[in-house]
Amino acid sequence: MFTKEFNSPGFNQGESLRRKLSEVEVEIVGLADSNICIEQVTDLKSGSIDEWITPRYNIRIHGKKLKLAGDHPEVGVYFFNRETGLRIKAEHIDIITNYPSELVVMVPALETGSYELQITTQYVKGKILKMPRTAIFKHDLHVKHG
Numbered sequence: 009m010f011t012k013e014f015n016s017p018g019f020n021q022g023e024s025l026r027r028k029l030s031e032v033e034v035e036i037v038g039l040a041d042s043n044i045c046i047e048q049v050t051d052l053k054s055g056s057i058d059e060w061i062t063p064r065y066n067i068r069i070h071g072k073k074l075k076l077a078g079d080h081p082e083v084g085v086y087f088f089n090r091e092t093g094l095r096i097k098a099e100h101i102d103i104i105t106n107y108p109s110e111l112v113v114m115v116p117a118l119e120t121g122s123y124e125l126q127i128t129t130q131y132v133k134g135k136i137l138k139m140p141r142t143a144i145f146k147h148d149l150h151v152k153h154g
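Mapping of the sequence shown onto the working numbering: residues 9 to 154, in sequence order.
Hints listed in this document are in silico derivations from the structure and should not be mistaken for laboratory results. Note that this is a predicted model, so its numbers are computed, not measured. The reader is advised that the hints may include incorrect statements.
DSS-like cross-link-like pairs, simulated, lysine-lysine; straight-line CA separation at most 27 Å [unchecked claim]:
(1) Lys97 to Lys75
(2) Lys73 to Lys28
(3) Lys97 to Lys146
(4) Lys53 to Lys152
(5) Lys75 to Lys53
(6) Lys146 to Lys75
(7) Lys133 to Lys97
(8) Lys73 to Lys138
(9) Lys73 to Lys53
(10) Lys97 to Lys28
(11) Lys72 to Lys97
Let the sequences and hints guide you as you build the complete structure.
What follows is the structure, encoded as structure tokens:
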């Protein structure tokens, strides 16, 4: 879990600032996007973007709030086989890069087929949520052997 230490010197607002505060107007323009999102998947062996993945090679996943963090058992990267219904989790040791906007993951030894990429995490802006959230990639990823 992340902790943030901040030591700042004390300060007091002056009379001039107090007068100006009465003139401040706040406008709420909408809610910030707080959702986890997968934007692009690149197969690092073939160079394929958002289409083909190669088992036992790395893929680069770009998006928002992707960092894998938290102790919930569902946290991880999953490949859901559309034909068989099997959901395969990438091993923890196969997560090479783990940043909020980028994951590099070794693809498990998947069978031929179409897969839905799912990422589940408890991470949000340096904090750990109580319950995990899951992002599902909008494109199916395909595996073809030989």
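How the hints compare with the structure:
1. Lys97 to Lys75: This hinted pair holds, its Cα atoms lying about 16 Å apart.
2. Lys73 to Lys28: 37 Å, violated
3. Lys97 to Lys146: 18 Å, holds
4. Lys53 to Lys152: 14 Å, holds
5. Lys75 to Lys53: 23 Å, holds
6. Lys146 to Lys75: 19 Å, holds
7. Lys133 to Lys97: 24 Å, holds
8. Lys73 to Lys138: Roughly 15 Å between the alpha carbons, so the hint for Lys73 and Lys138 holds.
9. Lys73 to Lys53: 25 Å, holds
10. Lys97 to Lys28: Violated - the C-alpha atoms of Lys28 and Lys97 are around 56 Å apart, more than 27 Å.
11. Lys72 to Lys97: 20 Å, holds
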